[in-house]
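Protein chains in written order, with this note's numbering: chain A, 1 to 324; chain B, 1 to 112; chain C, 1 to 146; chain D, 1 to 377.
Calculated from the structure, these hints are not laboratory results.
Check the hints yourself; a few may be wrong.
[What the hints assert, rightly or not] DSSO-like, lysine-lysine: derived pairs with alpha carbons at most 30 Å apart:
(1) B:K69 x C:K141
(2) B:K37 x B:K97
(3) B:K13 x C:K47
(4) B:K15 x D:K172
(5) C:K137 x A:K63
(6) D:K90 x D:K325
(7) B:K85 x D:K325
(8) D:K189 x D:K175
(9) C:K141 x B:K107
(10) D:K175 x D:K246
(11) D:K29 x D:K162
(12) D:K90 x B:K13
(13) C:K143 x A:K63
(14) B:K53 x D:K325
(15) C:K67 x B:K15
(16) B:K13 x C:K143
(17) B:K85 x D:K172
(18) D:K175 x B:K15
(19) A:K75 x C:K67
(20) D:K51 x B:K15
(21) C:K140 x A:K63
(22) B:K85 x C:K140
(23) B:K107 x C:K140
(24) D:K199 x C:K47
(25) B:K85 x D:K51
(26) D:K90 x B:K53
(27) D:K29 x B:K15
(28) D:K174 x B:K69
(29) D:K346 x B:K97
(30) B:K15 x B:K41
(31) B:K13 x D:K174
(32) C:K137 x B:K69
(33) C:K47 x A:K74
(34) A:K70 x C:K67
(35) D:K29 x C:K67
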Amino acid sequence: MDVISSTFQLFIFPGFLFFILLSFLFEWVDRKLYAAMQRRIGPLYTGPLGLLQPIADFIKLIKKEDLTPKYSDKKIFNSVPLLMCALMLTVMLILPVAGESGVISFTGDVIFAIAAMTLFCILIFLAGFSSMSPYPLLGAERAVLLLLGFEIPLMLSIAGCCIASGSIEVSAIVSWQASHGWNIFGPQLLGFAIFLVAIQAELERIPFDIPDAEQEIVAGWMTEYSGRKLALIRMARNLELVFMSALAATLYLGGPMGLAPHWAEGIAFPVYFLLKTVAILLILTIIRGIFARVRIDQMVAFAWRYLIPLSFLQVALTLIWRLI
Amino acid sequence: MSIFLEACRSLLKPKATLRYPLGGKDLLQIPDGYRGKMALKREACIGCTICEKDCPSSAITIITDQKGKRPVFYLDRCMFCGQCKESCPTKAISFTKDFENASYDRKTMEVR
Amino acid sequence: MGVQRWAMGRSPWVLHFNTGSCNGCDIEVVATLTPRYDIERFGIFLKGSPRHADVLMVTGPITRQVKDRLIRVYEQMAEPKFVVAVGSCCISGGVFSNCGKGACYNVYAGLDSLLPVDAYVPGCPPKPEAIIDGITKLVKKIKEEK
Amino acid sequence: MSSSYERIFNLPLGPQHPALKEPVLLDLKVEGEHVVDVALDVSYNHRGMEKAAEYRTYVQDLYLIERICGICNIAHTLSFCQCVEGLHGKEIPERAKYLRVIAEELERIQSHLLWLGVAAHEIGFDTFFMYIWLDREISLDLMEEFAGNRITTSYNAIGGVKRDMTPEVANKMKKGMDKLEERVKFYKKVVLSERTVMKRTMGIGILRRDAAIQLNAVGPTLRASGVDMDARADDPYAAHSLVPFKVVTDDGCDAFSRIIVRLDETLESINMIRYCIEKLPPGPLLQRLPRRVPAGDFLTRVEAPRGELVHFLRADGSDKPYRYKVKTPTFSNLAPLREMLRSKGKYVVNVADVPVILASIDPCFSCTSRNEVVKSS
Ligand code: SF4
Ligand code: SF4
Ligand code: SF4
Ligand code: SF4
Ligand code: SF4
Ligand code: SF4
Ligand code: SF4
Ligand code: SF4
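Please construct the entire structure, taking both the sequences and the accompanying hints into account.
So this is what it looks like as structure tokens:
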């Protein structure tokens with residue numbers, strides 16, 4: 001019984017299948033809202049309202065011919081997409097969807113999440129580097145530069161949450177918020193803003209879509225990927241989008257917890273989880289819609305000049321607030 | 001900031017997209033003078049071959065049918081410039097609003 | 001494979017290649033992205049990298065200088081791939097097809113002499129609606145054949 | 001930056017590249033993210049037009065010349081017609097002159113909006129691009145109504161214009177102009193207030209006044225460097241001597257001031273169209289001219305949306321040109337472009353800036369390809 005239920009949890013809900021489907025849904029929401037902001041319709045004819053569009057894209061790419069450039073470092077080039085997906089799927093298991101804790105939960109899983117984000121960037125670098133052609137190389141270089149900019153603010157803003165609730169465990173942060181109010185209504189409001197900006201960079205979205213800036217370096221580090229590998233990369237990036245929005249919801253908006261009668265928690269909590277993550281996604285998409293891309297040096301300068309001091313300030317504020 | 005407000009306004013405004021082709025061709029307001037696929041009034045044509053001589057991209061060939069000489073238009077070369085209509089002394093050539101001329105085969109792209 | 005054909009027809013990503021066009025066709029191709037026409041409705045993206053694209057959309061007369069590039073880009077694309085010729089220049093050389101006898105010295109008379117073409121969209125330039133019409137016809141072909 | 005030569009590598013942009021809608025090869029020499037030098041190869045578009053023009057009659061050439069370029073086809077046909085009319089020594093009817101100005105300015109509006117959209121796209125500002133291109137449709141709809149096609153209009157004819165402007169179209173045009181004016185003013189506000197836009201365009205692609213004159217820049221690129229030069233004002237053709245307008249200049253010398261110059265020019269064009277509709281004289285549209293053109297040379301200057309366009313015709317008395325020669329604005333702007341793309345001292349060019357700088361001269365190479373590399377096998 002236990003084995004069955006944990007297998008179900010791992011693979012179906014709230015495990016791999018759930019997250020993969022969620023990632024498709026998120027891509028759809030993202031594209032639709034982005035289009036609506038531009039007075040367009042966006043995907044429309046694939047399934048009802050174009051809901052199946054991301055799935056069609058995925059299947060099409062899976063079925064396409066898979067090319068590997070001649071001069072690439074084949075081992076790395078071929079394994080990176082798979083690693084990206086695996087990494088994202090694993091780290092997503094710590095997200096609490098139906099209760100205080102996720103499928104796996106341990107002390108220090110917040111650190112694990114941060115490590116996974118950094119690792120993802122390193123995988124991006126490897127992907128670009130192993131392609132051995134100019135655009136991906138430049139994209140990879142930019143990805144690492146970008147990492148220098150937003151990594152520290154990201155960590156510090158998460159640290160703010162950890163300090164506030166006095167724990168480095170996701171479930172503890174969630175339950176602390178359930179009893180003390182959401183993190184966003186406290187000194188973490190600043191942290192939340194910093195977090196949103198930083199994940200926009202981590203996700204490589206406008207205004208920080210520098211490593212795959214189409215107008216400058218074609219598709220950046222992804223330029224040489226095609227077919228199945230591109231499908232996996234796209235999926236990994238969508239999963240990352242889900243993960244980041246969900247992490248923001250978990251850390252700042254109280255995770256899946258909310259008002260619900262005891263007997264309905266099993267349904268209400270996932271619904272709350274969805275609502276909150278989608279809310280974050282909407283904010284992310286609006287940001288994507290209203291900015292132009294900044295240049296890499298401008299991004300790094302911005303991060304060091306404003307984001308990092310602000311995030312230190314935020315940590316200090318939290319500490320003071322804790323002590324009082 | 002102004003672009004943010006504009007984006008919010010755009011979310012409320014109706015979409016600017018015309019749902020062509022599934023919404024049908026009537027959605028599009030093609031003006032009367034539009035130069036789409038051409039049409040030939042066979043009775044009016046006197047077979048003078050001026051249109052063939054003036055066509056800048058040799059998209060017209062003169063053939064002979066039971067009534068005599070007449071032009072055939074090849075849409076794969078035609079650039080819808082309207083010179084044939086200008087040149088025709090009897091106004092036998094006119095342009096319709098039909099723009100849906102995409103085809104799988106170059107050989108079928110002609111107006112007889 | 002039913003699913004494959006369905007997915008292929010629902011998500012044809014386009015690579016736009018200008019082979020020496022006068023820009024007329026190009027701006028109309030770009031215009032199909034814009035709110036009035038919005039080809040993302042059909043799941044179409046304009047992609048920058050040949051490796052990501054399924055449909056090669058060629059505009060303009062094929063000049064001798066660009067021919068090798070065109071073929072190289074076509075070869076870089078992953079199977080299955082399709083080619084659409086947009087504009088009279090691309091289909092046949094258009095106005096450049098009539099230099100005394102045959103095409104101008106620097107222009108190929110038609111894309112079909114170099115690559116297998118799946119759909120032709122005539123016009124100079126074709127209206128964005130006409131390009132959409134061409135794409136829908138291509139999608140129909142993808143669904144029925146291959 | 002240190003000049004360790006191992007770090008310099010070549011980054012070819014093009015000939016097929018998403019930032020460029022045309023086949024052109026920019027061979028950048030890049031050091032890290034900085035561009036140190038650039039070599040341009042614009043030969044991919046060479047279609048042999050000038051030669052082809054010698055093989056056609058003047059009637060056919062009109063359409064060939066129109067297809068030198070789709071975006072400013074009216075400027076090209078206008079120049080061609082002026083050459084032919086000039087050799088005939090005939091004036092065209094007054095009404096046709098006004099109509100030509102309307103067509104030309106409508107094209108300028110269309111072209112400048114197109115360019116603004118592309119510039120927004122180059123800096124990754126897609127939402128702005130979409131708004132602009134949505135409004136550009138207004139001008140294209142008017143063009144379609146006015147001339148019969150959206151882009152390649154075949155509006156000008158040798159000796160006048162082909163179509164009249166009905167009162168109905170005039171009304172639509174006036175309404176369209178009001179809408180466009182409102183939108184262009186809004187865009188100006190956006191450009192002047194949006195931080196990211198300024199960050200990406202200010203101080204980028206600098207071309208000082210003396211360099212602009214020395215390297216023979218033309219059009220908005222020149223006027224954004226503070227030089228007051230415009231063929232419409234300096235050498236009036238069509239009805240330009242009768243239609244009042246202001247030559248817009250700016251002293252910024254960078255990509256940002258090129259945006260401002262173009263936006264202001266669009267507003268000027270809107271006013272010119274209004275004036276022309278108001279003052280449109282009655283009369284015939286076309287002065288019929290014989291098909292054979294008297295022998296002689298003729299040269300015209302026309303202010304195309306991108307700058308001064310020069311056409312030269314040598315006729316030998318037959319119905320075909322003896323020689324036809326075109327010098328287009330983008331060609332003149334290439335030397336200044338190279339200047340803008342080279343890092344020098346404190347002025348550094350990032351790879352990320354290359355599309356923006358390139359876009360800032362509003363290049364289109366379809367009219368510029370002058371040569372072809374022939375491999376001797
Ligand atoms: S419209 Fe122009 S290109 Fe087409 S057949 Fe007539 S003259 Fe020839
Ligand atoms: S110019 Fe007119 S009358 Fe003469 S052949 Fe052509 S269509 Fe017939
Ligand atoms: S006007 Fe008469 S004589 Fe002159 S070209 Fe036309 S048909 Fe021939
Ligand atoms: S190259 Fe041949 S076809 Fe072209 S103009 Fe010269 S002779 Fe005519
Ligand atoms: S078909 Fe017409 S618009 Fe298209 S590239 Fe050729 S000349 Fe230009
Ligand atoms: S340089 Fe321009 S005008 Fe001259 S032949 Fe080449 S494309 Fe034609
Ligand atoms: S500069 Fe040349 S290519 Fe560009 S729009 Fe003008 S004529 Fe066309
Ligand atoms: S520089 Fe070369 S291409 Fe130019 S005119 Fe002289 S010989 Fe001809």
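Evaluation of the provided hints:
1. B:K69 x C:K141: Not satisfied, since the Cα-Cα distance of roughly 37 Å exceeds 30 Å.
2. B:K37 x B:K97: holds, 7 Å
3. B:K13 x C:K47: Holds, at roughly 29 Å.
4. B:K15 x D:K172: Judged against 30 Å, a Cα distance of about 22 Å means the pair holds.
5. C:K137 x A:K63: holds, 22 Å
6. D:K90 x D:K325: At roughly 22 Å apart (the allowed maximum being 30 Å), K325 (chain D) and K90 (chain D) satisfy the hint.
7. B:K85 x D:K325: holds, 29 Å
8. D:K189 x D:K175: holds, 22 Å
9. C:K141 x B:K107: The hint holds at about 17 Å.
10. D:K175 x D:K246: Roughly 23 Å between the alpha carbons, so the hint for K175 (chain D) and K246 (chain D) holds.
11. D:K29 x D:K162: The given pair, whose Cα atoms are some 49 Å apart, is violated under the 30 Å limit.
12. D:K90 x B:K13: violated, 53 Å
13. C:K143 x A:K63: Holds: K143 (chain C) and K63 (chain A) sit about 15 Å apart, inside 30 Å.
14. B:K53 x D:K325: Holds. K53 (chain B) to K325 (chain D) sits at ~24 Å (cutoff 30 Å).
15. C:K67 x B:K15: violated, 40 Å
16. B:K13 x C:K143: violated, 35 Å
17. B:K85 x D:K172: holds, 26 Å
18. D:K175 x B:K15: The hint holds at about 21 Å.
19. A:K75 x C:K67: violated, 34 Å
20. D:K51 x B:K15: violated, 48 Å
21. C:K140 x A:K63: With a Cα-Cα distance of about 19 Å, the restraint between K140 (chain C) and K63 (chain A) holds, given a limit of 30 Å.
22. B:K85 x C:K140: violated, 34 Å
23. B:K107 x C:K140: holds, 20 Å
24. D:K199 x C:K47: holds, 27 Å
25. B:K85 x D:K51: holds, 27 Å
26. D:K90 x B:K53: holds, 26 Å
27. D:K29 x B:K15: The hint is violated at about 44 Å.
28. D:K174 x B:K69: violated, 46 Å
29. D:K346 x B:K97: violated, 58 Å
30. B:K15 x B:K41: Cα-Cα ~41 Å, so violated.
31. B:K13 x D:K174: holds, 24 Å
32. C:K137 x B:K69: Violated, at roughly 35 Å.
33. C:K47 x A:K74: Distance of about 24 Å is within 30 Å: holds.
34. A:K70 x C:K67: holds, 23 Å
35. D:K29 x C:K67: holds, 25 Å
Hint violations for this structure: numbers 1, 11, 12, 15, 16, 19, 20, 22, 27, 28, 29, 30 and 32, all remaining hints satisfied.
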